[in-house]
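Since the structure of chain A is already known, use the hints to place chain B on it.
Those protein sequences? They're chains A and B, same order as listed. Residue numbering for the first sequence follows the numbering used here, beginning at 3 and increasing consecutively. Residue numbering for the second sequence follows the numbering used here, beginning at 789 and increasing consecutively.
Rather than coming from a laboratory, the hints here were simulated on the basis of the structure. You may find that some hints are simply not true.
As the list claims (entries may be wrong) - Incomplete in silico selection of chain A near chain B, CB under 7 Å:
1) Ile45
2) Gly52
3) Cys65
4) Pro71
5) Gly75
Since the model is a prediction, treat every value here as computed from it, not as a measurement. We treat Cβ as the ideally placed atom computed from N, Cα and C, and that holds for glycine.
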Amino acid sequence: MKISIELFGQLSPLSPRRQTLDLAPQSKVQEAAAILGLNSEEIGIITINGVQSEMEDHLTEGCRLCFFPYLSGG
Amino acid sequence: MKLLRVDMNQSQVRWEPVPPVYERLGGRALIARVLLEEVPPTCDALGPLNKLILAPGLLGGCSVTAAGRLSVGGKSPLTKGAKEANAGGTAGDVLGKLGIKAVILEGQAPKDQWLILRIHSDSAELLPAGNSRGLGTYATSDLLQEMYGASCTVISIGQAGEMCMGGAGICVTGEGRQRSNHAARGGLGAVMGSKGLKAIVVDKPTGKTPPFADADLFRGAARTFAQKLINDPKLGTKGSQHLYGTASIVAAVNEMGSFPTRNFSNGNFEGAETLRGEHLREVTLARGGEAGTRCMPGCVIACRNVYVDATGKPIVGTLQYETIALLGSNLGLGNLDEVAVLNRMCNDFGLDTIETGAALGVAIEAGQGQFGDFESIRRLLAHVGEGTVLGRIIGNGAVATGRVLGIRRVPAAVGQAMPGYDPRSLKGNGVTYATSPQGADHTAGNAFGARKEVNPLGIQGQKELSLRLQIIAAMLDSTGLCLFARPPIIANPQLMVDMINGRYGWGWTVEDYDRFNRDVLRTELEFNRRAGLTTADYRLPEFMHTEPLPPHNATFDVPDTDLDTVFETL
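Excised from the complex, chain A in its bound form (with noise of 0.2 Å):
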């Protein structure tokens, strides 16, 4: 299944900003993730369609995946 994915802040430099995965079908977001090379230590906030989410969430088709680093409200 195939995923868009965009990083922020300074998770964006370690790859290209914004990309398309092809994934084997219920996938996680750790192996979105690790794929992309991202320290799981340095993720702060994780978004599938704009729903908040863990590592362990299932991927779907067509998803929009999100990686922020940490962030302070305020």
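What follows is chain B alone, placed relative to chain A:
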């Protein structure tokens, strides 16, 4: 320590020893207690019975990193309840070093008599405001530093405060030529204006340090605290806050569908790409501006910027998240140059960018301008500085603007405009807006980024999360700590207890610290109750319960029973 009482009726100043009831309080905690002890809760917020209180936090003047904020408070003309707003700059530090627990302004100067309060090392005096009357905060700060010395700290209001507008804040200068630190929220600039006080000028203390009950305990805890901040992935030199400033969260809030867009009609703005903190940094550095500077002496987070135009000339320092949301996406603007110009105008008039951005959004919905049309928006905002009838409406905030212009989609709670998180898609903040004694104020308990704990779109756990955050915010605002400096204290409250005990020798335990924080909220809630605020004042506007917010089509559906029981376990 001592109190400085300023009687504006008689133009007299008086130094007092700190009464026992105020001794163990600072910042927001002290403001809440002074309000309850000394201000009739049902008084006119812009009348002679209200008081304006300026107080450093308990750590003010102690040179703890990120702990030099100045709290300003009084009864708010917007919420009609207890209000505290705080600002960076040098004021909290210098007042703390001078041993001043609080400056309490009482009464009102005779009509059309404008004064300046000068505070020296061991004395204070009221002087005529002279030529500073009618000036914006930039010119006021320049003039007074020229007259009294460049090392003075200037605390001032602009035209908005002079005209007693509900959207008026109070501006504080910082190190060097730094301007634009604002205790912005709740209309406290109008309270200062109602007293006839244009500015406070504080001399830089020389060779003054507060006494320490246990200097070793204090130094050890303060050093550990600073090191923890430096090591925090969010806050250190490689952290988002330092690199991209508070605007680091633009993309995430937008992605999560909570980014106020065109008067809170969408949570996702198509022009957010060029409002992001990453873009802000890139443009700022390419043009020769500054990123990663500090608003308070010795702050290790350093999240400030100086935004410059295409020729490298400074427009505003600092351009921040809430301003980008309320004066940017909320008005349909995706160009930081335009947002920066509006920000500078607000700073100069002495206006809260949140309140004013929300009021402009409401005015545009009423047909007074066009979303995305910078020129029409700039003209609307210019009215405020000119004091036209339209300007006075907008300057009095979102609720006043909606009432006069016949708009019921007004993003406000307890009379105060909402900051840059639409509560329909970030429901923890909705609970804070709808329950905090401070009204719709993200700094009273911001749920953004509470990963793994609570689903921002769900209703489960929101009331518990909001209460926890509100208790922490009360601590930050009472010690002078910046909101961003909270992680090490949350992880280890003993650090704060050791700093307090090292400074004052009170023998606090973590339980005492927790009780202190909760008491701040209890005191404010009691003041608001006596002021006559009811459940109806606290509820979020009806349209947020019924109008689904794209892209998640969320409504604010946290049950009223949850809102009504948030403080049950306080």
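Does the CB of Pro71(A) sit less than 7 Å away from some CB of chain B? With Cβ-Cβ at 5 Å, under 7 Å, it holds.
Interface restraint verdict for Gly52(A) against chain B (beta-carbon cut-off 7 Å): holds, 5 Å
Does the closest beta carbon of chain B sit nearer than 7 Å to the beta carbon of Ile45(A)? With Cβ-Cβ at 10 Å, over 7 Å, it is violated.
For the hint on Gly75(A), does the least C-beta distance to chain B fall short of 7 Å? Since chain B brings a Cβ to about 3 Å from Gly75(A), closer than 7 Å, the hint holds.
Quick check on the hint: Cys65(A) CB to chain B CB, less than 7 Å? violated, 13 Å
Checked against the numbered hints listed earlier, the structure breaks hints 1, 3; every other hint is satisfied.
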